[in-house]
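Undergrad: Model the placement of chain D on the given structure of chain E, informed by the hints.
Protein chains in written order, with the numbering used here: chain E, -13 to 306; chain D, -13 to 306.
I should point out that these hints are in silico values taken from the structure, not numbers from a laboratory. There are no misleading hints in this set.
Here are the simulated DMTMM-like cross-link-like pairs (lysine to aspartate or glutamate), alpha carbons at most 20 angstroms apart as the crow flies: (1) E/42 with E/-10; (2) E/206 with E/187; (3) E/273 with D/159; (4) E/265 with D/159; (5) E/273 with D/73.
Each pair of labels, with its calculated beta carbon distance range: (6) D/302 with E/305: 10 to 20 angstroms; (7) E/277 with D/24: 23 to 33 angstroms; (8) D/285 with E/50: 51 to 61 angstroms; (9) D/81 with E/83: 44 to 54 angstroms; (10) E/221 with D/254: 45 to 55 angstroms; (11) D/12 with E/165: 40 to 50 angstroms; (12) D/51 with E/14: 48 to 58 angstroms; (13) D/254 with E/192: 46 to 56 angstroms; (14) E/221 with D/157: 15 to 25 angstroms; (15) D/261 with E/305: 36 to 46 angstroms; (16) E/65 with D/157: 32 to 42 angstroms.
We put the CB at the ideal spot given by N, CA and C, even for glycine.
Protein chains: 2
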Amino acid sequence: MHTDSFYIGVDIGGTTVKLAVVTPEGTIKDKWEIPTDLKNKGERIVHDIKQTIFEKIDRLEIPKTSVIGVGVGAPGFLDSISGFVYEAINLGWIDYSLGSDLEEMTGWPVFVENDANLAALGENWKGSGENSNDLLAVTLGTGVGGGVVANGELLNGANGTAGEIGHITVVPDGGAPCNCGKTGCLETVASATGIVRVAKEKLVDNQASSLNASVPLTAKDIFDAAAENDPVSEEVITYVTNVLGMSIANMANVLNPSKIVIGGGVSKAGDSLLIPLRKAFDKYALKRVREAATFEVAVLGNDAGVLGGAYMVKKRLENK
Amino acid sequence: MHTDSFYIGVDIGGTTVKLAVVTPEGTIKDKWEIPTDLKNKGERIVHDIKQTIFEKIDRLEIPKTSVIGVGVGAPGFLDSISGFVYEAINLGWIDYSLGSDLEEMTGWPVFVENDANLAALGENWKGSGENSNDLLAVTLGTGVGGGVVANGELLNGANGTAGEIGHITVVPDGGAPCNCGKTGCLETVASATGIVRVAKEKLVDNQASSLNASVPLTAKDIFDAAAENDPVSEEVITYVTNVLGMSIANMANVLNPSKIVIGGGVSKAGDSLLIPLRKAFDKYALKRVREAATFEVAVLGNDAGVLGGAYMVKKRLENK
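One chain only, chain E, in its complex shape:
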């Protein structure tokens, strides 16, 4: 029987829900995942979460009273104070009282955050952020996500929409359409799909490029071909890192972060991404902003969200 205390971190995604039992020091005691049940506008998701946590702590012989609280990340816009989800399109939730429902079902304090913000928090606690008071996290995956820590606190904004770095406009006119309804967003250039889109545009006039052999074309193919000096791939990466570096510099001139953490699938390119990115950032950032900021690659991968959930419980209960 465990008499120690634990936090539960929950990271709800459109395909799976990731969960972890975490110690107050941030060690993952156990982690697992369950499928996200999207049927009937996701009405079973919260019940499934309760069920799997109860089974898990039972198996780990952790008494219910040893769980201090649950920190949940959801992919959408929400009020992190009340735990109310305005909308989480991928889950089918609109105006849903996630926090209080899960609290009622489990009997534990439940805290809710946007999933990208929660990942930033986790990365800041146990990953590359090193508990920075001023952190900018940029996730380059299928889309471009972001999370901002300022004055030591996550930034949520007036209606839970802060940190939407992927939707800053980088092509003012005639940019590619974005899922958000606008055009020319950073996401249309610097996400994994954006990088491929940019490359395909260039390939139209470059039938000889070795990239044409890659079907389907991925962002990784483009980084790999650039490493082999394929000129089209080099051009794509120069363009993408210039646009991304300028966007990050523009944010940094306003946020003045000490850490800029790059995560998501595209960040696996490592120095092939970071070196030109830092060069572009240095060109567009103010001198004092450059001096303050270090670039890091996110290291926690899929654990960032559940660790962020645990940390949120810790912080919120401490501040009570």
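TA: Okay, now just chain D, sitting in the frame of chain E:
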């Protein structure tokens, strides 16, 4: 003899130091200014401030014990926690312990902030901000300044450089040189001098424009001529508001403010500025970000800084 409590707000500028005695409710009991003595790297400034405050409260018959604290704004980069000024180029200060020096001289608690941040705080307290927890203040004067309130707190960043909205890059390549050493900054387009610069570029090919009669040309002349349907002026204002609206939208997609307050000399253009600006903002901001944000013109003018100083004292002492 007054037995009430008062705050002192001080706004140090390159030409004058503005001061005010402020009640806890934010009413200015008295305000005045003294010249800024820039001789010998500004070494007399703090002494002059002490002197004039002592004389003033003596004349107002306010006992020294009725002054709760002093809030000072300085034009530069500084650590608002320690009151240490890294650099305030216009005053000649480098690595100067402003806060502790003035504290020692006066015996009162002294709190220090960047002047643009302090103006944002004042405008949020007693002006157009209406105590928003998430405010973006943009000052369009000789330069473009900014201040950000997020989670109810001023954003300072890692080394006091947060809020430098004027130096986000709006022309990635071949932009006009900026005072900061970069090129293509927002300040080169949307400040009073930037607007004139943009107009002069256009006038080279438009000798017939009525604007050519204005010598020296000012931003006000351009807004006035646009009101009379001068095509060059209309083009300038469309371009400037589009660039500025996009920049504010980009910041807002990350900060998600409920209030966007536009101040500085250029804001006197009122609706001729605000209407096209809001239109551009709406084009480039996310839907939820648009829904959350209202645009306001700053109303406090030169009083914003001293009121912000008073508010800072109030907030910092409350939080102790």
